[in-house]
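Undergrad: Basically my numbering = 1-based index in the sequence shown + 125.
None of these hints come from the bench; they were simulated from the model.
All values reported here derive from a predicted model rather than from experimental measurement.
Beta carbons: idealized from backbone N, C-alpha and C, even for Gly.
One or more of the hints may lead you astray.
Said to hold, decoys possible - In silico lysine to aspartate or glutamate, DMTMM-like type, Cα no more than 20 Å apart, as pairs:
| no. | residue 1 | residue 2 |
| --- | --- | --- |
| 1 | K328 | D368 |
| 2 | K179 | E244 |
| 3 | K327 | E216 |
| 4 | K327 | D204 |
| 5 | K327 | E379 |
| 6 | K328 | D350 |
| 7 | K328 | E379 |
| 8 | K179 | D241 |
| 9 | K328 | E374 |
| 10 | K327 | D350 |
Said to hold, decoys possible - Estimated spans, in silico, between C-beta atoms of each pair:
| no. | residue 1 | residue 2 | range |
| --- | --- | --- | --- |
| 11 | G250 | G207 | 20 to 28 Å |
| 12 | G208 | G182 | 31 to 39 Å |
| 13 | R340 | W252 | 51 to 59 Å |
| 14 | E244 | D204 | 18 to 26 Å |
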Amino acid sequence: MTPPRRVTPLVPLALVLAAALTLAGCGGRATTHHKPGTTHQEATGSSGTLLSAKDEGGHRLRELPAADAPTVRAEARPDPEGGWNVHLTVERFRFTPESTGGAALPGRGHARLLVDGRETARLYGPWGYVPPGAHTLTVRLHADDHTAWAVAGAPVQTTVRLDGAPATPVPTSSRPADTGRTVTLTITGTTVSPPPSRIELKKGERLTLRVTSDRADTLHVHGYDRELPLSPGTPATLTLTADRTGLFEVETHESGLVLTQLVVR
């Protein structure tokens, strides 16, 4: 007599589907959209200092010390069929399309192209294209949460001219070149805002310090022997030309606070 065959119970379909979903959740690819409950321009993450200032596109600036901030250079080459092929060279930065919309982490993000002052595209790699007819191209680096990386209150960016000849880089600045760079500092008690960092300058570059203090004091730029009286609640301005190379501290005499450091190369 043939013995009866053993029948293996069928696994309920619901359990199979649940297991598949669990595996997909654990090993699935990271989303490329910002997380629920966060805005388009500032998702999770607390890297750097989120400033109230915004760029032309309404993205808030995220301040980093100059020593930690990324840098970008751009080269534009004429395309045989018209327009320009753009190549970016970055330092302390990598393109992370897989985490766009996530937390703002130093050294990660994407670039945005502004053609004649208007944002036209994003780059998630070192190459891009600009159609014919453009005059200037600005490349700005953004974090994964779409905030713009910044140093000393200015976006991390570079600008090249597109004039029918090989493009040549112009100094990175969010302000007209003839006025140089302006850095705004606020002193409240023993707190300096933005937090003390290093301002990198090229020899011969002009710098304007605009300082507001909540108490009477004197600002002193070491190495340049420049001083500026500070009156409570009244903005004071000091402009100098960085004609000496080295590292120079900017501090207050009475409170002994270091406001920033100038690195002139």
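Undergrad: With reference to the structure, classify each hint as holding or not holding.
TA: Going through the hints against the structure:
The suggested pairing of K328 with D368 holds, with an alpha-carbon distance near 5 Å, which does not exceed 20 Å. Under the criterion of a C-alpha separation no larger than 20 Å, the hint pairing K179 with E244 is consistent with the structure, at around 14 Å. With a C-alpha separation of about 18 Å, the suggested pairing of K327 with E216 holds against the 20 Å cut-off. A C-alpha spacing of about 32 Å is found between K327 and D204, which places the hinted pair above 20 Å, so the restraint is violated.
The straight-line distance between the Cα atoms of K327 and E379 is roughly 30 Å, outside the 20 Å bound, and the hint therefore fails. Between K328 and D350 the alpha-carbon distance is near 17 Å, which keeps this suggested pair within the 20 Å criterion. A hinted pair counts as satisfied when its Cα atoms are at most 20 Å apart, and K328 with E379 does not qualify at roughly 30 Å. This hinted pair checks out: K179 and D241 have alpha carbons roughly 18 Å apart, not beyond 20 Å.
Distance hint between K328 and E374 is fulfilled; the C-alpha atoms sit about 16 Å from each other, no more than 20 Å. The straight-line distance between the Cα atoms of K327 and D350 is roughly 19 Å, inside the 20 Å bound, and the hint therefore holds. At roughly 22 Å, the beta carbons of G250 and G207 sit within the given window of 20 to 28 Å. Distance hint check: the CB atoms of G208 and G182 are about 22 Å apart, inconsistent with the given range 31 to 39 Å.
Between R340 and W252 the Cβ separation comes to about 52 Å, which falls inside the hinted range of 51 to 59 Å. One distance hint, 18 to 26 Å for the beta-carbon pair E244 and D204, holds here, with the actual separation near 21 Å.
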